[in-house]
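Enquirer: Assemble the whole structure, with the sequences as input and the hints as a guide.
Protein chains: 2
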Amino acid sequence: MTNGDYLFKQVYDYVLHRIELNEWREDEKLPSIRNLAADMSVHRLTVLKAYQLLKQENKIYAKDKSGYYVHSRAKSNFENLDNPIISAYVQKNHLSEIHQIPVSYDFSQALIDPNLLPNRYLSDYVKKVFDLYSKVLSTYSTIQGDGELRETLAHYFVHHYKTITPAENLLITTGSTQAIHLVAQAFVKARDTILLERPSYSAAIDIFRAQGANIVTVDIHPDGYDLDQVEFMMKTHKPRLFYLNPTFHNPTGYTVSAAQRKQLVQLAEQYRCLLIEDDAYHDIYFDQEPPPPIYTYDTSGTVIYLRSFCKYISPGLRIAVMMGHTSLIKSLLAVKSLADNGSPLLNQKIFLHYFASARVQQHIEKLRIALQIRKELMERVLGATDWRWTSPNGGLNLWVQLPSHVSTEELLAKSLQQSISFVPGQICDPLKQTSSWLRLSYSYSNEEQILQGIRRLIDQVHIPL
Amino acid sequence: MTNGDYLFKQVYDYVLHRIELNEWREDEKLPSIRNLAADMSVHRLTVLKAYQLLKQENKIYAKDKSGYYVHSRAKSNFENLDNPIISAYVQKNHLSEIHQIPVSYDFSQALIDPNLLPNRYLSDYVKKVFDLYSKVLSTYSTIQGDGELRETLAHYFVHHYKTITPAENLLITTGSTQAIHLVAQAFVKARDTILLERPSYSAAIDIFRAQGANIVTVDIHPDGYDLDQVEFMMKTHKPRLFYLNPTFHNPTGYTVSAAQRKQLVQLAEQYRCLLIEDDAYHDIYFDQEPPPPIYTYDTSGTVIYLRSFCKYISPGLRIAVMMGHTSLIKSLLAVKSLADNGSPLLNQKIFLHYFASARVQQHIEKLRIALQIRKELMERVLGATDWRWTSPNGGLNLWVQLPSHVSTEELLAKSLQQSISFVPGQICDPLKQTSSWLRLSYSYSNEEQILQGIRRLIDQVHIPL
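Heads up: the sequence lines are chains H and V, in that order.
Take the first sequence: its letter number 350 is residue 1581 in this note's numbering, and every next letter is one higher.
Take the second sequence: its letter number 120 is residue 1351 in this note's numbering, and every next letter is one higher.
Simulated from the structure, these hints should not be mistaken for lab results.
One or more hints might be untrue.
Where chains are identical, the list cannot tell them apart; a pair therefore holds if satisfied intra-copy or between any two copies.
Unchecked claim - Okay, derived cross-link-like pairs now, BS3-like style, lysine-lysine, Cα gap no bigger than 25 Å in a straight line:
1. LYS1286 to LYS1260
2. LYS1597 to LYS1366
3. LYS1294 to LYS1561
4. LYS1466 to LYS1286
5. LYS1466 to LYS1420
6. LYS1358 to LYS1393
7. LYS1358 to LYS1260
8. LYS1366 to LYS1290
9. LYS1597 to LYS1260
10. LYS1561 to LYS1469
11. LYS1290 to LYS1561
12. LYS1280 to LYS1393
Expert: So this is what it looks like as structure tokens:
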């Protein structure tokens, strides 16, 4: 033991003893670092280290600049729930905060199990990026995003969908959340009416709501929309935009047909309603490829297309792309320059080099099989119940209806105690009504977790609430 | 030559000939990829490749999904100015767009010459990050930012300024632009009054203006503010917040004294005005360390502190940190979750490991010397003129006043033709008045460029405008 270690232990033991003997009581302020260091004739950093370890062990806590305090014994086991930030979110039922509660059976994350992602290969591309661009960490990207990446993605679009979009009409964003946020800031003012699917992606609901939008909805069904309802809503409410997710829709997994896609573009043109097409999981199909994006049917600049290729490759890179007519991209670019002045270049280059390689297709093909197996397993276990769902042809989620007497909000509270999480339907409802629907993601848990976790979840419903 | 190369060349030559012979005229539409492929009996991708090469060579251009067109000869040399996005920005005189014009003598970027940054060392830390966290690209960071990074930065603050801020009161952002944008969204509504220094950081002016703020100003002088003026403005206008940059202020390089810092916190408390302290270049001092941040004088939660440590280490990582009282951070966190749901984890981990190493201090010490040499060189060359400035003790810029008959806006137009750029004072003025001031950054150009470029700039002024 070095002298430093010895002194550290001395300070640590001294403080812990005072707390354990109740000489220093709950929520009482500890001596300042400076004073205790002087009293014990040690360096201030030694005291700081001791306080930090005690803090990690939940014996003491720090308070905004005023110093350290003795933790209450009762509180320390509920550190998470005590955090005022987290509890505010839990009360507001934000999806992101359900995700922060660590559970053994996680069916709430519409993310892909990191074990299914090409981590090792990606680190090779990272090395390649540093060899190619030695100053990649010293330079900013342009606001619009790396030119090479935009050219590559534009090319991909011509190749896959025979749709020409010049690289100048692409904008790279830090994930698709930012893309939706840019749309809201560029095109929606407070009290503007917008149209959302019901149910819809909860982060998008939150973003448009925070922008002060007046939200009206159209239902999405397993075979798409009732286009008469869409037309009625566009005619009556003149929405500024319709944010939609027509391919393996989140949360339902439903897909809008090619015929409806064409008609939708016509309606949107007629009623001058922007279509914001969020297409996060286009490549995650099981049996057959979905129809091409709505964007490919648009010839008049009515559609803005958002795609996060990154989600099933390397979500941590946070790279998404927006495409649209010159004038629309120009407005988005102005907002992007204020929001963060451009996404990090390193992340764009790593993504570019992996995306441009032959490995991407191999990865996606394997991923489809792995996810289909997980989906089918989840459906098999759920088959023992009277719960109902439409089996999706792609995506990451099952949208399940429980018997009508079950409140999925209450079920969530019970399930979390059993270390199971899912998304209650209310979170996905722009109108925030209680519901007997829930979203179960089969993409984040492995097969054993799906088997055990779904069985336990079923048990929760059969025990009277 | 393979058959594919041969066919490609055939298509390429065919199209180029039609254009050169003026058979296909300026702005005329080219045959669709599908039709030309059929006519020439080649694969569509062959036509696409030929079109793309011709586009790169500025012979043709692509237009939103409608196809390819013949480029006008006159236009092709002004590709940048033709881009409607860029020209819109240039008209609006956004700083970021001056930066996009490539010049040989760049005094407009308040960035550090990439050759002075630790590129090679950083790539070592990137490898370390992948060894330590093999799934760093498969996972999201929390919205608030990586816990390990926040602990390290909180510790740095205790160590340097004896100010305890718990890691829970830190928020990691994608660069300081995003931090300012979050502040604007969380605390400023349309028509709220805010206080800015005059001059001020142009990106901040743009952000608050876009938020609809009513902007009032206080002048910043070489020795700080006139505190009576500050009090008068706070009393009269009741601003929601005062965004300030008291240490090596951008654009002036001025630093507010410790005595004024204390009084400022008192005034802000008294008039319930949030202080948003942007502290980008605290470590870039030449002779003596500046006073500690205003944040360290605050005991009542009146100050939000923004710091981009990254700018003089690896600007490409885009990592900044915000610190403040729990309730303020809570509001910022809600906005951050909507804006991008958390900054990329990879970037945070790379920064963390470099920042926690001993190399950082060595790097910063060398950097100070290099920048001081460049600053003194620029001042020596400028010594031949009657231009005036106050020599800064740190930061990246000289704030220079030209003879009053010189319009720096007109001078910029002339200078750009000589491949010299700088920032005209008007861009930094919240009130956007014309001015004979300009900002010259000495940090981005090397010594030779400073010597040659500043001499040329001086010549521009002496040639009648």
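Enquirer: Are the CA atoms of LYS1597 and LYS1260 at most 25 Å apart within a copy, between copies, both, or neither?
Expert: neither (57 Å within a copy, 42 Å between copies)
Enquirer: Quick one: LYS1358 to LYS1393, C-alpha cut-off 25 Å, is that within a copy, between copies, both, or neither?
Expert: Neither, since 33 Å and 39 Å both go past 25 Å.
Enquirer: Pop the pair LYS1366 and LYS1290 into one bin, within, between, both or neither, using alpha-carbon distances up to 25 Å.
Expert: neither (45 Å within a copy, 32 Å between copies)
Enquirer: At most 25 Å between alpha carbons: which applies to LYS1358 and LYS1260, within, between, both or neither?
Expert: neither (49 Å within a copy, 43 Å between copies)
Enquirer: Go through the copies and call it for LYS1294 and LYS1561: within, between, both or neither, with a Cα cutoff of 25 Å.
Expert: Classified as between: cross-chain Cα gap 14 Å, same-chain 45 Å, threshold 25 Å.
Enquirer: Go through the copies and call it for LYS1286 and LYS1260: within, between, both or neither, with a Cα cutoff of 25 Å.
Expert: within (13 Å within a copy, 69 Å between copies)
Enquirer: Please work out whether the CA atoms of LYS1466 and LYS1420 approach to 25 Å or closer within one copy, between two copies, in both situations, or in neither?
Expert: Cα proximity of LYS1466 and LYS1420: one copy only (20 Å, versus 32 Å across).
Enquirer: Could you figure out if LYS1466 and LYS1286 sit no more than 25 Å apart (CA to CA) within one copy, between two copies, both or neither?
Expert: neither (59 Å within a copy, 42 Å between copies)
Enquirer: Please sort LYS1290 with LYS1561 into within, between, both or neither, judging by C-alpha distance up to 25 Å.
Expert: between (53 Å within a copy, 24 Å between copies)
Enquirer: Can you tell me if LYS1561 and LYS1469 fall within 25 Å by alpha carbon in one copy, between copies, both or neither?
Expert: So LYS1561 and LYS1469 pass the 25 Å test inside one copy only (23 Å; across, 36 Å).
Enquirer: Could you place LYS1280 and LYS1393 in one of the four classes (within, between, both, neither) given a Cα distance threshold of 25 Å?
Expert: Between copies, since 13 Å is at most 25 Å while 61 Å is not.
Enquirer: At most 25 Å between C-alpha atoms: does LYS1597 with LYS1366 qualify within a copy, between copies, both, or neither?
Expert: between (35 Å within a copy, 18 Å between copies)
In this structure, the earlier hints numbered 4, 6, 7, 8 and 9 are contradicted, and the remaining ones agree with it.
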